[in-house]
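J.: As they're listed, the protein sequences go chains A and B. Here the first sequence is numbered in our numbering, starting from 1 and rising by one per residue. Here the second sequence is numbered in our numbering, starting from 571 and rising by one per residue.
One should not assume that every hint holds.
[Unchecked claim] Covered by chain A, per the in silico footprint, the following chain B stretches (three or more residues, Cβ under 8 Å):
1) 616 to 623
2) 635 to 643
3) 697 to 708
4) 740 to 750
5) 761 to 767
6) 913 to 921
It is worth saying that the hints were derived from the structure and are not from the lab. Cβ coordinates follow ideal geometry from the N, Cα and C atoms, glycine included.
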Amino acid sequence: MRGGREETLTQGRSFDVKWLFIIGIVVFLVLFEVFPMVYMFIKSFFPAKGFSLASYRKTYGYELNQISLRNTLVSAFGTMVLGTLIAFPLAWLVGRTNLYYRKFFRGLCVMTYMVPPYVGAMAWSRLLNPNVGIINVFLRNVFHLSSKTGPFDIYTIGGMIWVLTSFYYPYAFITISRAMEKMDPSLEEASRISGASPWKTLWTITLPMMTPSIIAGALLVFVSAASAYGIPSIIGANAKVKIPTVTTRIIDYVGLGVDGLSDAMSLAVFLMLLANFVLYISTFVVGKRKYITVSGKSTRPNTVDLGRWRVFFTVLMFLFAFIMIVLPFVTVGLTSITKNLGKSVWEKGNFTTMHWSRIFSRKDVFLSVKNSLLYAVITATFGIIVSVVMANLLERTTIKGRRIPDFLITVGSGTPSVVIALGLIMTMRGQFGINLYNTMWIMIIAYLVKYLMMGMRTVVSAMSQIHVSLEECSRISGAGWLKTTWRITIPLIAPSIAAGWFLIFIPTFYELSMSTLLYSKDTQVIGYKLHYYWTYTSQQQASAIAFGILVFIVILNSVLNKLTKGEFSI
Amino acid sequence: MKKVCSIVAMLGLGVSLLFAGGASETAATATGIVPDKTVTGNIMIYTSIYEDIVTMMDNALAEKFPNCNIEFFQGGTGKIQTKVAGEMATGKLGCDMMLVAEPAYSLELNEDGYLHKYLSPNRANLRFDYDKEGAWYPVRVCNMVLAYNPEMYKPSDLATSYKDFATNPALKGYISMGNPLTSGTTMAAAAALSEKYGYVYFDQLGKQQIMIESGSTALAKLETGECKELMILEESVLKKREEEGSSISVIYPDDGVILIPSTVMTVAGDKSANNNIASCEKVTDWLLSEEGQKFIVKGWMHSVLKGWNSGDHIPYDSISTDDLIKKDMGLDWVRCYQQRTEIREAFEKSVSLSK
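Whenever a hint applies, use it, and build me the whole structure from the sequences.
T.: In C-alpha cells form, the structure reads like this:
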C-alpha cells in the first residue's frame, strides 16, 4: 500500500526534492553528531601520540571512578523502576479513566518536565536535608522523635533516585500517554463484553498491549537519569558518603585542563556505549514487538469508569501532586522572598522582595534570558521544521534512506549531553575547517542533536493518525510535495507541531549540562546562570530566577493551549 | 562704561565656562575616578572574581578608560584553566589579561612563556611578592577563614582553628568547604593545610563527613543550621553581612588564616587576543593604584597596598590587613603548582572515598 502511494506521489519526477532534505539532515547529523563522537572515541585511545590504553587504565582503575560508574547505574536503574511505576498508573488514570479534573492533572503530571531538574534538587535539599530539612523537622516534632537528624536523608543514593524520579518520570509518562491515546480500543471492548471487570481488563489487556511503550519509556528515563548532571551535582556532593556519578566526574575532569580532558573522554565513552546499548534494545528489540494495534486513523479509546474508586483516586492524585509538584515549587517560591533562611518567611522582618529586585536589576540575568530565548526559539523552530520533514518522509514515503536520519536523530537524543558537548569542543575549534567554539551556534547545534527527537516523535505520531486521502487530493490537483506539506499536512497536525516545538523549546531553554561546558562570554544562558547564582551568588536569588522560569513556562503553556483551543498537549 | 563692564563680565564668564568645560574632560567623575582617554582598543580579561564584583569593576574601568572596550569572561579558576588549555592548542589565547585566584597558575603560565613582562611604577607600593621581571602582580587578597552563625551557636562550641575544624567530633556531618578541583582559592587552602598538617588532614576532613560545595550554598546551610561551621572566603561572609544584614560571622583561625594574593597577568602580545599591550599595561597600573584598589576593597577583598589597614582601606567589617598577614599560615606556591595533581588526588581520595 505504502509503495503504491509513494509511486503515485512521486510519479513522473526525475529528481525527488525529498532527497535534498534527507541529504541536508544527514550531512548536518554526520558532521555535528557522528563525527565528534567517533573522533572522541578514537582520540580516547590516542591520548598522546601513539595508541595507548593508558588513559582507560588510569580512568577505570581509579576507585572513585569505579564508584561513580556504580552510582550511575544504580541511580539510573532505580529512577527507571520508580519512574515507570509512577508513570504508567498516572498515564492510565489521566488518559483512560473518568478521574475528576483529568485535564488539570495531566498538565500537572508534565509540570516537572517544564522546569530545570536541578531546581528540584534545590527544593528537596531544603525539604529533606537530614539536619534541618523542613519535612524532617516537622516529622520529628509531630512524632516526638529524639534523633537530631532524619528520619529522611536526601543526601543518599535513595534521595538522589527520588529527586531524579520526580523530574524524569514525565519522559515515561509522555511516551506511555501517547501510546495509550493511539491504542485501538477493540480488544479492551471485547474483554469488557466478555464480562471482565475494568481492573481485569487493565491487567490482562491494556498492560500487556502497552508493554513495548512502557519499556521504551522506562529506557528513556534510564538514559536521561544516567546522563543527568544538575541533580547529582547538588545531592551527591552533600552526602556523608559522597555520591559521584559519571557526569559529575566528567565535569570535574573537564575543569582540570588538558590532562583532565583526555580522562573525561575515556569516562564519557562509558556513557556513550551505555546509552547506545539501551537505545539498541529500545529500538531494535522492544521496538519490533508491536503489541499495540495502531489503526492508522484517529481512534478514541473508551473511558474506564472508576466507579466508587473515583473519589479515592482523585484524592490520591491531589496528594501526589502536592508532594511531587506543589511542595517543591512552593518551597522555591518562598525561598525567593525570604531574607534569612534560618527563620520562617512569615517571621517579622523576614519577608523581602530584595532578591527579586536584585535579579531584575542585573544585566547579566537579562542577557542570559535573552540568549536562552533566542537559542531555544531557533533550536525549536529549526528542529520542528526538520521534524515535519522527517515525519513526512517516514509516514508518507518509502523512499530509500529515510531511516538513516531517523536513526541518527534517535542516537543523538540517547547520547548523554556531556558527551555531545565534549565531542563538539574537541572537533569544532577550527582544526577541521569549522570553528564554532565560543559561538552561539555550537550551543544551538548541541541542543538540536540532543532534543530533536522530542519534536520528531510528536509530529510522527500525529501524522500517523492523519489519513493520507487529503494529501492525495492535493497532489492529484497538481500541488507539489512541498506545497502539499505546507497547505494540507501542517494545518492538519498544527497542535502536534506546537507541542513538538514546545517539547524542544523547554529543555533547550533551561539546559545546563551542555551549556556549562560550551558557554562563552556572550553566550551565557539562563540554565547556566541559574546554576551559577545557586552556586556562587545567593540561593534566594537563584530561587527567584527558578520561580520566574516556572511562571514563564506555565504562561507559555497556557497561551499555546489557548491558541490551539485546548488541543495542544505534551 | 556700563557697557564695557558688562562685555568684560560676559567675556569673563565665557572664558571661565570654557575653562570649566575643558577641565571637565579630565576632572574626576562622581565616583572619584579621573578618566584616561589615552587608553584605546579592545581588552578581554578572563577572571574568576565573583560576577557581581566583576560588574562593579567593569563599570569602574569603563569610567576610567572610556575609549577602551574592556570585556570580562567570568568563570571558576578550573573553567578558565580548561578554556586557556584549549586555546593554547590554537597558539593564541582568547584573552589579553587574566585575574585568577591561584597565584601558582601565574608561575605555570610564565614558565610556559605566555606572559608579558612589564615593570609597573606602582610595584613599589605592594606589600606582597610579585614577579621581579613583571610577569605578574598580586592585585587582590582573598582570605580563607572559618565562619559560623552566632544566632545558633557560640564560637566556644565550635572550632577556632583549622586543626579543630577537622577533628572536633561535635562538628561531624555539620561542616562544609569548597571544591579544590573547581575553585582556585580552595585549591590554595588545600595546599596550605596539607603543607602544614600533611595529607592526614584530608583524611580527617573525610572522617568529619565534610560537605563539598560552593560558598553560596554553604552560607545558606549555615543560616538554616544545616551546617555549624564552614571553611570559606572571608569576602563571601562580609558581602552577605553588608548586603543582606546577615549576622553570619568570621572566625580567624588560631592556627592561621590562609591569604591568597591573587594575581593580574598580561598575556604576551603575540599570544593575546588583541595584542593591545600598551593599554593592558595602563590597566595593570590602575588596578595597582589607590584608585583601583578602592574597588578591590569595595568588593570585600583586602588591598595589596602597603599601609592600607583601617577604615575605607579594609573591607567592610574586616580587620587590619597587616594583622592578617601576621596570622597568615603561608604556603609554597611552587609546590602548589608542581604538585597540584597530587594534592587534588589526595584530597579526592580522602574526602570523596571516605566512608
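J.: Kindly indicate which numbered hints from before are broken by the structure, ordering the numbers from low to high.
T.: Violated hints (numbers, rising): 3, 5; every other hint is consistent with the structure.
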